[in-house]
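A.B. asks: Below, each chain spelled out in residue letters.
Number of protein chains: 2
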Amino acid sequence: MAVNLRIPDASEILPVAGVEIGVAEAGIRKAGRRDLTVFRIAPGSSVAGVFTRNRFRAAPVQVCEEHLAGGQPIGALVINTGNANAGTGQPGLDGARATCKALAGLMSLEPGQVLPFSTGVILEPLPVDRLVAALPRALENLSPRGWMDAAHGIMTTDTQPKIASTRFELGGRTVTVTGISKGAGMIRPNMATMLGFLATDAGIAQPLLARLAHEIADLSFNRITVDGDTSTNDSFVMIATGRSGLQVDSETDPHYGPLRDALARAALELAQKIVRDAEGATKFITIRVEQARDTQEALKVAYSVAHSPLVKTAFYASDPNLGRILAAVGYAGIDDLDTATVRLWLGDVLVARDGGRDPDYQEEDGQRIMQQAEIEVRIALGRGQAADTVYTCDFSHEYVSINADYRS
Amino acid sequence: MAVNLRIPDASEILPVAGVEIGVAEAGIRKAGRRDLTVFRIAPGSSVAGVFTRNRFRAAPVQVCEEHLAGGQPIGALVINTGNANAGTGQPGLDGARATCKALAGLMSLEPGQVLPFSTGVILEPLPVDRLVAALPRALENLSPRGWMDAAHGIMTTDTQPKIASTRFELGGRTVTVTGISKGAGMIRPNMATMLGFLATDAGIAQPLLARLAHEIADLSFNRITVDGDTSTNDSFVMIATGRSGLQVDSETDPHYGPLRDALARAALELAQKIVRDAEGATKFITIRVEQARDTQEALKVAYSVAHSPLVKTAFYASDPNLGRILAAVGYAGIDDLDTATVRLWLGDVLVARDGGRDPDYQEEDGQRIMQQAEIEVRIALGRGQAADTVYTCDFSHEYVSINADYRS
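Chains A and B, in that order, give the protein sequences. The first sequence runs 35 to 442 under the working numbering. The second sequence runs 35 to 442 under the working numbering.
One or more hints might be untrue.
Copies of the same chain look alike in the list, so a pair counts if it works inside one copy or between any two.
[What the hints assert, rightly or not] The calculated SDA-like cross-link candidates involving lysine to any residue, where the alpha carbons are at most 25 Å apart (straight line), are: (1) K334 <-> T375; (2) K334 <-> I368; (3) K64 <-> P241; (4) K64 <-> P393; (5) K64 <-> Q401; (6) K64 <-> R87.
These are computed hints drawn from the structure, not numbers from a lab.
Could you put the whole structure together from the sequences, leaning on the hints where they help?
C.D. replies: In structure tokens:
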């Protein structure tokens with residue numbers, strides 16, 4: 035069902051020196067699936083994370099923030115699917131800490147050097163014993179080529195694994211960037227998405243990596259939405275191992291720009307893959323808002339359109355019922371919006387201007403665009419110079435089926 | 035498909051002295067349906083309206099506001115379904131004005147004494163000629179007993195007509211209140227709902243009626259949501275004919291309180307009927323937020339839960355996947371929310387407290403409540419004394435079908 039989501043061949047998934055990954059079956063929720071993933075990160079690497087702003091932050095998110103603030107070098111990540119360990123109160127925190135402690139013991143690390151992640155059902159106790167019991171098996175499988183297994187290992191309602199991988203020359207070194215993400219529903223990241231992990235063998239100083247992780251999350255995971263539901267578990271982690279020999283320690287380094295752009299492109303690919311594999315999605319929709327007074331205003335309008343169930347069902351039906359888009363622009367909360375200056379394009383077709391339908395608009399032109407699998411909606415507000423873009427999908431029967439059946 | 039929506043018998047629908055209603059087939063969108071409704075309002079009546087805050091306000095909404103501001107006594111309403119006359123620019127305004135002028139001519143009124151209303155598809159030209167041609171037939175049918183015909187005549191995707199009617203003694207007079215509403219999708223009224231008309235034969239001075247219309251809209255239509263989509267055409271009109279002999283001209287009148295309460299009850303019934311007949315609804319859900327710092331905060335949380343597609347699909351599935359409710363509370367935008375003080379009840383069952391599941395919560399208790407057709411979600415924030423309530427429905431396959439098919 036995914037929309038133009040390309041899964042790279044094994045040969046295209048490039049290992050990142052300094053990162054090894056192992057997976058195992060822990061039986062967290064269902065037997066017989068690899069639901070536990072461990073990353074081993076070589077000493078000397080920098081790790082930074084960005085996490086959900088949902089006030090009901092999951093226990094592992096809280097522990098990640100503690101451990102990153104603690105300042106010890108991160109040496110491992112541990113990720114389970116099948117249970118979000120969110121809305122689990124003190125026992126949930128205890129479980130996340132016990133997981134870190136157990137893995138640290140097996141890897142000769144301190145618990146504060148382990149970052150835990152969980153994804154799955156909220157409000158159910160984490161089966162810590164089963165998780166801990168499976169850790170040795172995940173460690174046995176550690177391999178630099180574990181990315182595809184990990185991409186599978188972190189899936190929930192995802193139908194496809196999500197991987198981005200690229201290699202380029204920079205500063206006389208060959209630099210690799212590889213990452214994975216997961217997420218298909220409860221996707222309206224606020225600072226980061228459900229789960230995203232992006233590694234490079236470039237070296238990036240820790241404070242710079244921390245800033246960069248926020249900047250990149252804002253350009254990628256923070257620009258997608260499936261259903262407007264910001265998850266309790268959103269986490270985006272960047273790992274820079276330095277093993278390529280390239281080292282970047284400040285924004286003024288001439289290699290910083292190209293490296294940032296390569297990382298941002300990979301992150302955007304991972305974020306867009308979440309939308310392409312969104313629950314029930316049949317269309318990939320880009321909503322670009324231009325001529326706004328500021329970015330916040332552009333995003334307000336873009337999200338208003340992206341979250342409208344009426345707009346999303348019209349896309350599902352390939353029905354150019356485009357008044358629904360104007361209605362969503364109108365209720366986006368811009369109190370002094372002059373509707374006479376708003377213009378709306380569907381793909382390259384001008385649909386509305388001067389507060390109404392463009393006189394030259396033909397229904398069949400709208401229909402032609404609506405039938406495509408990838409659609410751009412462009413809205414010019416006529417108020418200023420700011421622009422921003424949000425990526426979303428349509429709203430189908432399948433979304434209802436998936437979310438009415440999930441967990442039951 | 036409507037949820038416990040009771041249609042009154044003909045004998046229960048009480049005429050309001052001073053109000054006559056006629057309907058006709060104008061062929062606005064489809065042939066053979068009565069899509070045009072005219073109200074004749076007796077001289078001496080007061081009329082007040084509350085309208086959408088969507089910036090793409092429909093042409094008739096703009097004309098209503100002009101005519102009400104003009105101060106001439108309102109003598110007629112004209113309502114068409116099948117076309118919203120929204121997103122229609124200057125031609126749309128011209129069409130709404132031409133309609134008022136034509137009806138005024140037939141009724142010996144000034145155009146400024148007529149209020150126009152439209153509902154249906156957005157962004158399509160209004161067929162003014164067909165509408166105007168049918169006006170004489172609507173006038174021929176004028177009758178004090180036209181309420182049920184009007185309730186049918188203003189429907190779009192509604193499956194049932196929505197009527198509230200009541201009679202009571204006040205100040206030695208027999209006072210009647212009767213109203214109709216329509217709406218099933220694009221429902222998240224902001225100042226008023228899609229269309230609501232409420233009449234009484236009590237007399238209420240114009241400035242008082244204008245304040246009262248806002249107050250009552252806030253207690254009724256502004257507390258419901260189906261899909262979060264604020265319409266371009268929301269309009270709520272109150273008519274007070276004075277024919278019962280009861281006259282109320284100020285808030286200090288001892289009869290004001292009981293009259294306001296009766297009108298508010300009727301408006302709330304009409305608003306709730308919209309939710310009961312919401313597109314695809316199988317459940318009627320009351321979301322009550324208590325212990326908020328202020329009303330705005332309570333409503334923020336209530337709407338966050340009410341609009342979550344994940345919460346709504348869980349209700350559809352009767353699946354007590356209640357972590358989704360906590361997640362929606364967590365992303366409602368209260369930045370300093372302490373999740374440890376939040377409690378969540380489903381019906382009379384305490385589900386969550388202290389940041390996690392209540393230790394005594396049993397899945398079968400949640401399941402029992404979820405299977406009911408009417409469900410109350412109660413959320414105590416533990417922050418203050420304010421409380422508010424929002425009414426909504428679940429999110430079903432049928433919603434997607436209706437909105438993917440509508441118009442096509």
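A.B. asks: Are the CA atoms of K334 and T375 at most 25 Å apart within a copy, between copies, both, or neither?
C.D. replies: Answer is within: at 17 Å inside a copy they meet the 25 Å cutoff, but 30 Å across does not.
A.B. asks: Measure nothing new, just compare the shortest in-copy and cross-copy C-alpha distances for K64 and P393 to 25 Å and report within, between, both or neither.
C.D. replies: Between copies, since 24 Å is at most 25 Å while 57 Å is not.
A.B. asks: I want to check one pair: K64 and Q401. Are their C-alpha atoms no more than 25 Å apart within a copy, between two copies, both, or neither?
C.D. replies: between (44 Å within a copy, 22 Å between copies)
A.B. asks: If the cut is 25 Å between Cα atoms, do K334 and I368 qualify within a copy, between copies, both or neither?
C.D. replies: Answer is both; intra-copy 8 Å and inter-copy 18 Å each pass.
A.B. asks: At 25 Å max between alpha carbons, let me know whether K64 reaches R87 within a copy, between copies, both or neither.
C.D. replies: Neither: 29 Å inside a chain and 49 Å across chains, both beyond 25 Å.
A.B. asks: Classify it for me, K64 with P241: is the Cα-Cα distance of at most 25 Å met within a copy, between copies, both or neither?
C.D. replies: Classified as neither; 40 Å inside a copy, 65 Å across copies.
Going down the numbered hints, you'll see the structure goes against 3 and 6, while the others check out.
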